[in-house]
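Visitor: When you get a sec, could you build the whole thing from the sequences and use the hints?
Throughout, our numbering is defined as the position within the sequence shown, counted from one, plus 39.
Source of the hints: derived by calculation from the structure; they are not laboratory data.
All values reported here derive from a predicted model rather than from experimental measurement.
Be a bit skeptical, because a hint or two may be false.
Unchecked claim - The calculated DSS-like cross-link candidates involving lysine-lysine, where the alpha carbons are at most 25 Å apart (straight line), are:
| no. | residue 1 | residue 2 |
| --- | --- | --- |
| 1 | K104 | K134 |
| 2 | K134 | K154 |
| 3 | K135 | K75 |
| 4 | K134 | K75 |
| 5 | K154 | K50 |
| 6 | K135 | K109 |
| 7 | K60 | K134 |
To be verified - Just the calculated beta-carbon pair ranges, DEER-fashion:
| no. | residue 1 | residue 2 | range |
| --- | --- | --- | --- |
| 8 | E133 | N71 | 20 to 26 Å |
| 9 | Q150 | P58 | 25 to 31 Å |
| 10 | H153 | L49 | 32 to 38 Å |
C-beta atoms are modelled at their ideal positions from N, C-alpha and C, and glycine is treated no differently.
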Amino acid sequence: MNFDEMMAELKAEYVASFPEKLTEIRSHYEANDREKLRDDFHKLKGTGKTYGLPEVSILCEVVEKLCLAKGASPNQFVEKALLSLKNIHLSQLEKKSYTIENCADYKALLQLLHKVDNT
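Guide: This is the structure in C-alpha cells:
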C-alpha cells in the first residue's frame, strides 16, 4: 500500500467515525458540559486537516473559540456546528466537495464570534 492509498483509507475511517463524534458532541451539549464540548471541537480542529478535511478544522476552530467565549452560550452555536458537521459528513459520503465559507451556518457562527469578541 502506498502513501496515498493509506491516507485515503485513513480518511475513509475518519469520515466513518463522524456519526459517533456527533453523538458525543450532542451528549456533552445536552449535559451542558462546556469543557467537554470545547475538547470535542478542539480535537476535530486538530484532526480535520490531518485527514484531508480542512473544512472541519476551519469550522471547529471558530466553535472552539465560541466555547471559550464568556459572551456566547452553547445554545447559540452547537446546533449550527452540528448541522455543518453533518453536511460535511454527507458531502464526503457522496464524494462531493464542500466549501465551508459558503455555508450559512458557518457565516452565522463567524458573526457570533465577532460579536462576542467585541463585547
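Visitor: State for each hint whether it applies.
Guide: Here is how each hint holds up against the structure:
1. Taken as a hint, the K104 and K134 pair is broken in the structure, with Cα atoms around 29 Å apart against an allowance of 25 Å.
2. With a C-alpha separation of about 35 Å, the suggested pairing of K134 with K154 is violated against the 25 Å cut-off.
3. The hinted pair formed by K135 and K75 fails the criterion: a straight-line CA distance of about 31 Å is larger than 25 Å.
4. Annotation: proposed proximity of K134 to K75 is violated, straight-line Cα distance about 31 Å (limit 25 Å).
5. The straight-line distance between the Cα atoms of K154 and K50 is roughly 34 Å, outside the 25 Å bound, and the hint therefore fails.
6. Annotation: proposed proximity of K135 to K109 is violated, straight-line Cα distance about 36 Å (limit 25 Å).
7. For the hint linking K60 to K134, the alpha-carbon distance of about 20 Å falls within 25 Å, and the restraint holds.
8. Taken as a hint, the range 20 to 26 Å is violated for the pair E133 and N71, whose Cβ atoms sit roughly 34 Å apart.
9. Between Q150 and P58 the C-beta distance comes to about 28 Å, which sits within the given range of 25 to 31 Å.
10. Against the hinted window of 32 to 38 Å, the Cβ-Cβ separation of H153 and L49 comes to about 34 Å, which satisfies the hint.
Checked against the numbered hints above, the structure violates hints 1, 2, 3, 4, 5, 6, 8; every other hint is satisfied.
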